[in-house]
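Trainee: Chain by chain, the residues run as shown.
Protein chains: 2
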Amino acid sequence: MNATIINIGNELLLGKTVNTNVAYLGAELANLGVPVEYTITIKDDPIAIKTALQNAWGHSDIVITTGGLGPTEDDLSKAAIAEFFGKQMYFNDDVWQYVQSMFAMRNMQTPPINRNQALVPDAFTVLRNEKGTAPGLHYREGNKLFFALQGVPVEMMYIFEFYMKQIIAECYPYAKPVIQKTIHTHGLSESRLAELFKLEELPEGVSLAWLPQTGRVDLRFYGYDIAPIEQAILLAECKIAPYIWGLDNETPAGTLLKLLDEQNDTLSLAESCTGGWVQKMITDVSGASHSFLGGMVAYSNDMKIDVLGISDNILNTYGAVSSECATEMAIRIKELTKSSHAISVTGIAGPDGGTAEKSIGTVYFGFAAKERSWSIKQIFSGDRNSIRHKASEFAILELIKSLQGRK
Amino acid sequence: MNATIINIGNELLLGKTVNTNVAYLGAELANLGVPVEYTITIKDDPIAIKTALQNAWGHSDIVITTGGLGPTEDDLSKAAIAEFFGKQMYFNDDVWQYVQSMFAMRNMQTPPINRNQALVPDAFTVLRNEKGTAPGLHYREGNKLFFALQGVPVEMMYIFEFYMKQIIAECYPYAKPVIQKTIHTHGLSESRLAELFKLEELPEGVSLAWLPQTGRVDLRFYGYDIAPIEQAILLAECKIAPYIWGLDNETPAGTLLKLLDEQNDTLSLAESCTGGWVQKMITDVSGASHSFLGGMVAYSNDMKIDVLGISDNILNTYGAVSSECATEMAIRIKELTKSSHAISVTGIAGPDGGTAEKSIGTVYFGFAAKERSWSIKQIFSGDRNSIRHKASEFAILELIKSLQGRK
Chain X
2 MNATIINIGN ELLLGKTVNT NVAYLGAELA NLGVPVEYTI TIKDDPIAIK
52 TALQNAWGHS DIVITTGGLG PTEDDLSKAA IAEFFGKQMY FNDDVWQYVQ
102 SMFAMRNMQT PPINRNQALV PDAFTVLRNE KGTAPGLHYR EGNKLFFALQ
152 GVPVEMMYIF EFYMKQIIAE CYPYAKPVIQ KTIHTHGLSE SRLAELFKLE
202 ELPEGVSLAW LPQTGRVDLR FYGYDIAPIE QAILLAECKI APYIWGLDNE
252 TPAGTLLKLL DEQNDTLSLA ESCTGGWVQK MITDVSGASH SFLGGMVAYS
302 NDMKIDVLGI SDNILNTYGA VSSECATEMA IRIKELTKSS HAISVTGIAG
352 PDGGTAEKSI GTVYFGFAAK ERSWSIKQIF SGDRNSIRHK ASEFAILELI
402 KSLQGRK
Chain G
2 MNATIINIGN ELLLGKTVNT NVAYLGAELA NLGVPVEYTI TIKDDPIAIK
52 TALQNAWGHS DIVITTGGLG PTEDDLSKAA IAEFFGKQMY FNDDVWQYVQ
102 SMFAMRNMQT PPINRNQALV PDAFTVLRNE KGTAPGLHYR EGNKLFFALQ
152 GVPVEMMYIF EFYMKQIIAE CYPYAKPVIQ KTIHTHGLSE SRLAELFKLE
202 ELPEGVSLAW LPQTGRVDLR FYGYDIAPIE QAILLAECKI APYIWGLDNE
252 TPAGTLLKLL DEQNDTLSLA ESCTGGWVQK MITDVSGASH SFLGGMVAYS
302 NDMKIDVLGI SDNILNTYGA VSSECATEMA IRIKELTKSS HAISVTGIAG
352 PDGGTAEKSI GTVYFGFAAK ERSWSIKQIF SGDRNSIRHK ASEFAILELI
402 KSLQGRK
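Residue numbers (our numbering), protein chains in the order written: chain X, 2 to 408; chain G, 2 to 408.
Treat the hints with care, since some could be wrong.
Derived, one-sided and incomplete: chain G residues facing chain X with beta-carbon distance under 7 Å [what the hints assert, rightly or not]: (1) G27; (2) K281; (3) I315; (4) N317.
None of these hints come from the bench; they were simulated from the model. Small disclaimer: the values here were computed from a predicted structure and weren't measured. Beta carbons are placed, not taken as given, at the ideal position from N, Cα and C, and that holds for glycine.
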């Protein structure tokens, strides 16, 4: 049992636009027991669409297209789909009513161009799109399922969640889901971890994907049976315990907030080179306000002195990028916000600002807990974005390490 | 002249991992005049790899694989590539020396598993990877080029930038680059823009892709000749002028910083619901420190009162999510940091916290300029992440609008 995803869109091939739909659909379809066999991205061109459908429909139980349904796109892709399945298109009044009602809700007249969206191939089911105007489309031939989804992620996800899941589950009630379990690590490279946890030791029936993230590594175990996967997880937990900070859908920020919440602790931040990214990661988590009070982005030296309250002396003697300044930043923001814990980050993200003693990528972290404060220096590689990202996650992962009592 | 990209990796099909390599390679290859015809993502499986190579090598001038070269991956994919091209693999001592030197630089012993990375198919050129241990590989047959690249973006980009570009340019000196020009808009939906700027008006030889972003729309014009593209841009600039904030690689934050810098103005921020995201966007831009001083994430009410200095009275009378509080936040952070301009954001990002009067997605923005302050209310749709993202960009785009004098 497997699925194929066909992504339609010139813009995906001309670059700059990142396709996030496959990552979503891949995980969801694996959960339903219909893992994705392959996925192809093609131009918005009738011949390319029909060729891709030919290959996919011959090999897969489920074929999904994404994209090519928007109001400004010509109808080429919908027409090519209809033609491939040997269907005529008709103007569906219900869809047209619905499209108009969506515009009316926003006190707008429906642009004539949106009439295209009411064209539906015969024998196709309309999957109403509450998040936009282009409907999803569904067609079934025996036990084979076809779906045409929107390219806009939020619309595509809505159609998947509200229609496709049920249709697939009803059609394939005995499909065996792919079980996936992830261990999140921090502090060791992929090769080092692979030395501690050898592939040969993996129980039968489990596959392992090593997923290096920026500055940390995830181990994803997967297979069709839970028992050997759990065995593999236990084994990994025993071999690489000091480097594990979380499991499955846990994020660094989510894990940190949970640890703080459990102890009724609160957190504040003082960021320089990460410029708000750590606080953004923390507030990505809904309910962050239980433990996170807020903080500062003390980007300029004046801001560090006048608003955060770092002494001129520290800045003059050690500089803003120093262990002393990092520690003081954490202590000051903790005092100002009356939090129980605080983190600070100050460093050189580049591309300018590096010196002989302090190269680009040099970052100092300050931590203040109830009764102590400390600092850590790290040197990160990569460009500005990568250095800032790694530093932001490092700040969170280091406080997690301390709260979890790992060394 | 065209290229095909084959992405190898089970993790890309099992979901959760987003493939950003195609977006990078697609844009770069179009620039070199070898646009991507299609891209396929397959399992790390010898038969799938050989089938994909068969199809691609038959149709494309350039075939690129990404992934399957890491130290913990078994050699299946490299072996499958060698087999497809009818080559033996040999142990390359230079590569092995280099891999060992990379580990030595980090004061580490080379794990034996990394010996795999020194296996190279006969007649393939090694493309040394300064960003990691797995080398890139290159093979040429007449005018057809094959490249095996790493899956890790920073390594893949390095190999592309330092080797592939030159190899491709030398092999296809007359390839005509695809010219792409982008207009960035804000404030109108895709359908509305399409009413103002009709596809029929597009000059011959120009294609247009509508790229809806979160909360804004990009128009990408592309083709092989610059003249009709420039004509199309002029036409668009005349039809939809009030909604255009930038061109090509400009970002909202970059444009705002440029405008501030030109006038020797400075900026500070006070964020609540966006939790640092606006400041993160601003500091993504290198050189942001010329105009950006810093700011606060005033997440808790205590932080708003005690550190930012909002009066209890405002919070008690109007609440933290109000026009009054937004304006006050902007004025206060402007005073504290002595900036010439300030932005504030306060709202309900959800999923909790919505009320009958103030639903989830309600966000107030405060602005303080040299001699005036004002506030704007917006209601955004979507989930927490989407609301926060739209609100962060909106804050920046609104100040741009005011500085550009658009209405």
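Trainee: Work down the list of hints and note, for each, if the structure agrees.
Mentor: Going down the list of hints, with the structure as the test:
no., hint, result
1, G27, "holds (3 Å)"
2, K281, "holds (4 Å)"
3, I315, "violated (17 Å)"
4, N317, "violated (19 Å)"
When held up to the earlier numbered hints, the structure conflicts with 3 and 4 and fits the remainder.
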